[in-house]
Amino acid sequence: GQNIDQPTEMTATEGAIVQINCTYQTSGFNGLFWYQQHAGEAPTFLSYNVLDGLEEKGRFSSFLSRSKGYSYLLLKELQMKDSASYLCAVRDGDYKLSFGAGTTVTVRA
Amino acid sequence: IAGITQAPTSQILAAGRRMTLRCTQDMRHNAMYWYRQDLGLGLRLIHYSNTAGTTGKGEVPDGYSVSRANTDDFPLTLASAVPSQTSVYFCASSETSGDLETQYFGPGTRLLVL
Chain X
36 GQNIDQPTEM TATEGAIVQI NCTYQTSGFN GLFWYQQHAG EAPTFLSYNV LDGLEEKGRF
96 SSFLSRSKGY SYLLLKELQM KDSASYLCAV RDGDYKLSFG AGTTVTVRA
Chain W
33 IAGITQAPTS QILAAGRRMT LRCTQDMRHN AMYWYRQDLG LGLRLIHYSN TAGTTGKGEV
93 PDGYSVSRAN TDDFPLTLAS AVPSQTSVYF CASSETSGDL ETQYFGPGTR LLVL
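Protein sequences appear in the order of chains X and W.
Position one of the first sequence corresponds to residue 36 (the numbering used here), numbered consecutively onward.
Position one of the second sequence corresponds to residue 33 (the numbering used here), numbered consecutively onward.
There could be a bad hint or two in this list.
According to the in silico footprint, chain W covers these stretches of chain X (three or more CB under 8 Å from chain W) [said to hold, decoys possible]:
| hint | region |
| --- | --- |
| 1 | 73 to 81 |
| 2 | 119 to 132 |
| 3 | 135 to 142 |
Facing chain X, according to a computed beta carbon distance under 8 Å, are these residues of chain W, among others [unchecked claim]:
| hint | residue |
| --- | --- |
| 4 | Q43 |
| 5 | G72 |
| 6 | L73 |
| 7 | L75 |
| 8 | Y80 |
It should be emphasised that the hints constitute simulated quantities derived from the structure, not laboratory data.
Glycine included, each C-beta is placed from N, C-alpha and C at the ideal position.
Generate coordinates for the entire structure from the input sequences, incorporating the hints supplied.
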């Protein structure tokens, strides 16, 4: 089975930085994804890590440590539009995605 | 370019009724997926199809069936709906089911079974 854990909620101030952690235990590993989901909308792809290290994409960065079963998503220079749920997903040995329950980030003015 | 469309947008259904949720993509993606999303549980895979003519079971397949007669369409059928199938259903697709392939999601169908 798959076990993916991430915090339920986080709150931060506009302009600040927030780090969302994700730990996982899966049968096989073929990459870790982060998706953003605004309320009432579909998830949209943010980032992908398959090797250890940091991937930077504008204000968003994602880090992976395969030996520790750990990833984080870093959101910098927070904007009000970043208020959303962030989903950590691991692709297993059969190339199927398993999702965590999501972290709801609220950005305050 | 529409991407992935789902129909209906929302539906209220009496328990015991049969219901088909439709999903169509115009990206010529080989792989398609159905997920349900429930509060506190995240997205869970119901069924998938790696290519037209093939389907497979995901994490929570019971009570659901799928077919993949062509590349574009991947309908999900609830043969006899039960209240525990109340959920938001997302269809997704990816170019293949292999490495480096990102899944793209449709807008979702909100289903309430009474």
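Taking the closest Cβ pair, is L73(W) under 8 Å from chain X?
At 6 Å from the nearest chain X Cβ, L73(W) passes the 8 Å test, so the hint holds.
Satisfaction of the Q43(W) interface hint, Cβ to chain X closer than 8 Å
Constraint on Q43(W) not satisfied, violated at 16 Å.
Minimum Cβ distance from Y80(W) to chain X below 8 Å?
Holds: closest Cβ of chain X sits about 7 Å from Y80(W), inside 8 Å.
Report holds or violated for the interface hint on L75(W), using the least CB-CB distance to chain X and a cut-off of 8 Å.
4 Å, holds
Using C-beta distances, would you say chain W covers the region 135 to 142 of chain X, given that this needs three or more residues below 8 Å?
With 3 residues closer than 8 Å to chain W, the region 135 to 142 of chain X meets the three-residue bar; holds.
Count residues of the region 119 to 132 of chain X with a Cβ under 8 Å from any Cβ of chain W, then say if the count reaches three.
Answer holds; 5 residues pass the 8 Å Cβ test.
Against chain X, with CB atoms and a cut of 8 Å, does the hint on G72(W) hold up?
For G72(W), the interface hint holds, since the closest Cβ of chain X sits about 6 Å away, which is under 8 Å.
Against chain W, does the region 73 to 81 of chain X show at least 3 residues with beta-carbon separation below 8 Å?
holds (count 5)
Consistency with the previously given hints fails for number 4 only.
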